[in-house]
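Participant: Chain by chain, the residues run as shown.
Protein chains: 2
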Amino acid sequence: MRAEVITIGDELLIGQVVDTNSAWIAERLNEQGIELYQVTSVHDEREHIIAALNEAFGRADIVLTTGGLGPTKDDITKHVLCEYFDTHLIEDARVREHIMQLYSARPDVLNRLTATQWLVPECAEILENRVGSAPLMIFHKGAKILASMPGVPYEMKIAMEEQILPYIGRQRTQIIHKTLQVTGIPESALAIILEDFETSLPSSVHLAYLPKDGIIRLRLSAYGGQTDKEMDALFAELKSLVADYCIAETDDPIEVLVGNKLKELGKTIATAESCTGGKLAALLNKHAGSSAFYYGSIISYDNSVKEHLLDVPAETIKARGVVSEEVVIQMANAVRRQIGTDYSIATSGIAGPTGGTKEKPVGTVWIAWSTPEGTTAECFQLGKLREQITDRACTKALIGMLERIRGLED
Amino acid sequence: MRAEVITIGDELLIGQVVDTNSAWIAERLNEQGIELYQVTSVHDEREHIIAALNEAFGRADIVLTTGGLGPTKDDITKHVLCEYFDTHLIEDARVREHIMQLYSARPDVLNRLTATQWLVPECAEILENRVGSAPLMIFHKGAKILASMPGVPYEMKIAMEEQILPYIGRQRTQIIHKTLQVTGIPESALAIILEDFETSLPSSVHLAYLPKDGIIRLRLSAYGGQTDKEMDALFAELKSLVADYCIAETDDPIEVLVGNKLKELGKTIATAESCTGGKLAALLNKHAGSSAFYYGSIISYDNSVKEHLLDVPAETIKARGVVSEEVVIQMANAVRRQIGTDYSIATSGIAGPTGGTKEKPVGTVWIAWSTPEGTTAECFQLGKLREQITDRACTKALIGMLERIRGLED
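Protein sequence lines, in the order shown, are assigned to chains A and B. Heads up: the first sequence runs through residues 21 to 430, numbered per my numbering. Heads up: the second sequence runs through residues 21 to 430, numbered per my numbering.
Do not take every clue at face value.
Any copy will do: because identical chains look the same in the list, a pair fits if it lies in one copy or spans two.
As the list claims (entries may be wrong) - With a Cα cut of at most 27 Å, we get these calculated DSSO-like pairs of lysine-lysine: (1) 380 with 404; (2) 306 with 378; (3) 287 with 93; (4) 161 with 281; (5) 378 with 198; (6) 177 with 404; (7) 249 with 404; (8) 164 with 380; (9) 338 with 287; (10) 177 with 380.
Honestly, the hints are just simulated from the structure, not real lab data.
Make a model of the complete structure from these sequences and hints.
Facilitator: So, in structure tokens, the structure goes:
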């Protein structure tokens, strides 16, 4: 069973909005054993939407559309779907009731444009959009279906999880993905180690390399025909081949690996950040449950903050520079003591675009890790672009922390 | 002149990677007056790529592909392009030299898989990929062109800016976008205010509503035919209609608006974050030049940090709760004093999924702003999902700060 996604909205095609919906939908569909064959982004434009619908129905059994369902003039998806499925709009009393309740505390939202939201295509099945005013619509085309959802990510996610996925139901074709993560080896060297393994794989099993910020994810995918047991055996073989570099046998992001390990051990962490500017703290707090292991951070962008809140002596900054082993070790020690945690991480580097020197070019980052066994630091060269440098610094900081926590366990 | 983007990679269609490239490319193309008509994401699969190429060339003059250029077996773009353009691979001495230099300090990367990177399609024009091993390839199909780039965002961006965009050159059709941002009014109420204006617009001018986290961007776009002067007049009319709600006459994100205002005034800021956990600090530091106005932050996720580093009395937390006006005001005052800045922002809320009560459900967030004139706070209900709540809290915090800084100027 194949699905396709059509994301509708000019904002996607002029770069005003990044399409995060498709990746999320892809993951959910895969979990249900439904292959997502293609994603297509089109304009809020009648002819373009109709062409995309025709093409998608030519390839897929399920077509999911996002976007274009607002009450304003630029949103035309509902009208185009009416035309495509040769139907017309009628008032839906349940949707009307839902919208009245949704905005009961905000009468300023209830106006004649909002009222167009309870007009629905006569031939469509209507599912409730619990958190918004645009109803979810299911259309049938022979044995195929189309589901239309809002483009706002929060609304789309709730719609998919509570309504659309249960509607589609669990399908028969089973797709299995298994991922492990390695670090400390170039992609091409890894591929040489795995060459014979790859050649020996059945034709319906596929190995993919996904490098990002110094971690390479190896994803083994079976598109039908394999049993769980057969996949387990192939995955075990893969693991044994890359054991020296493997940091995880799951697809969990590095911040989740660190968080889970800390929770498992009942330990806590703090960060002292200069160049990463809060990104590392935000990453550690991204997922629910972080209050169990994350206590706090001191973000010391300015040197005065390093001196006053992290007790870095002004002389050390003067003698060694603010991006130095001495400074970053002092930052890690001070924040661990001040916040009272088991572990801490500190970063200091040159994120650019200015501030680089010949000795310490843009991309130079010192990272320190403090544990009950002591504090150590390492220097990295992490590229040339601000976002790249700070992303990679966070990943390096978390890999280093994970290795040290695991080292102390042994 | 129309372009299309084809993003190639299984990882995009199983949800392992979010496609951030397309939005970035869209923005760059629009700046050059090139309309991006469609984005299509396809699998690393011969037939699928060929079908997408045929469709894209049927609609567009320029086809840009990203991804599938690595040295590993799962990457097949180069081979499929050879087949599509009926050519074969030859060795390219310049690319070989470039790759040798690129990896001169890392001999472990130079192996026989890396060596496949300097094989290029005979009919393609080869442009230098300064930061990676996969050469950039330009193919011609009559008057149309195809440019193939790596999928790694950093490499793709440098390739586009330094090579592909200059190659494509400045085209004639001028697309003009003008954006302003409003807050404090529902989308549908805004649309009623703007109804006559929208109806009066020429057919080639389009108004779009882009709501996100409490800010609605209004984008006025002209697709050919309008002069700058005519667009300026329409934009001025739009501005006057929404003057009461307008917070910016540009497309700059809210953190940039705050940063620019602080730089203009020579003022500084700090944050004390509980529920936002560093996200606000990271946002203020996202863009280059933040060291001019951002000094530091104290992230106090755990109550002990609020007590010890932000001087919040344990009795206040006990009496009022940690998510309260008193606590958040104390946090804002303490961080402004400790870090020594002109302004500060503090957040404390319930990001969920647990921790909510009947009086303070998940989504309750207190935000305080401290200025030389005093400290004030406001309570918000920001939704039900962790990411939504923390994103909206950051936006509310920054809108509130911008309004207060501007208020002090008057």
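Participant: All hints, please: hold or fail.
Facilitator: Evaluated hints:
With identical chains, the CA atoms of residue 380 and residue 404 are at most 27 Å apart within one copy only, with a shortest distance of 12 Å there and 45 Å across copies. When the C-alpha separation of residue 306 and residue 378 is checked against a cutoff of 27 Å, the pair qualifies only between copies, where the shortest distance is 25 Å, while the shortest distance within a copy is 36 Å. Taking the shortest alpha-carbon separations for residue 287 and residue 93, neither the intra-copy value of 54 Å nor the inter-copy value of 42 Å comes in at or below 27 Å. When the C-alpha separation of residue 161 and residue 281 is checked against a cutoff of 27 Å, the pair qualifies neither within a copy, at 49 Å, nor between copies, at 54 Å.
Taking the closest pair of Cα atoms, residue 378 and residue 198 never come within 27 Å of each other, the shortest separation being 44 Å inside a single copy and 41 Å across copies. When the C-alpha separation of residue 177 and residue 404 is checked against a cutoff of 27 Å, the pair qualifies only between copies, where the shortest distance is 12 Å, while the shortest distance within a copy is 35 Å. Taking CA atoms no more than 27 Å apart as the test, residue 249 paired with residue 404 passes in neither setting, with 45 Å inside one copy and 39 Å between copies. Neither within a single protomer nor between protomers do residue 164 and residue 380 lie at most 27 Å apart by alpha-carbon distance, with minima of 60 Å and 45 Å respectively.
For the identical chains of this complex, residue 338 and residue 287 are inter-copy neighbours only, at 25 Å across copies versus 35 Å inside a copy, given an alpha-carbon limit of 27 Å. Proximity of residue 177 and residue 380 under a CA criterion of 27 Å is satisfied inter-copy only: 24 Å between copies versus 45 Å inside one chain copy.
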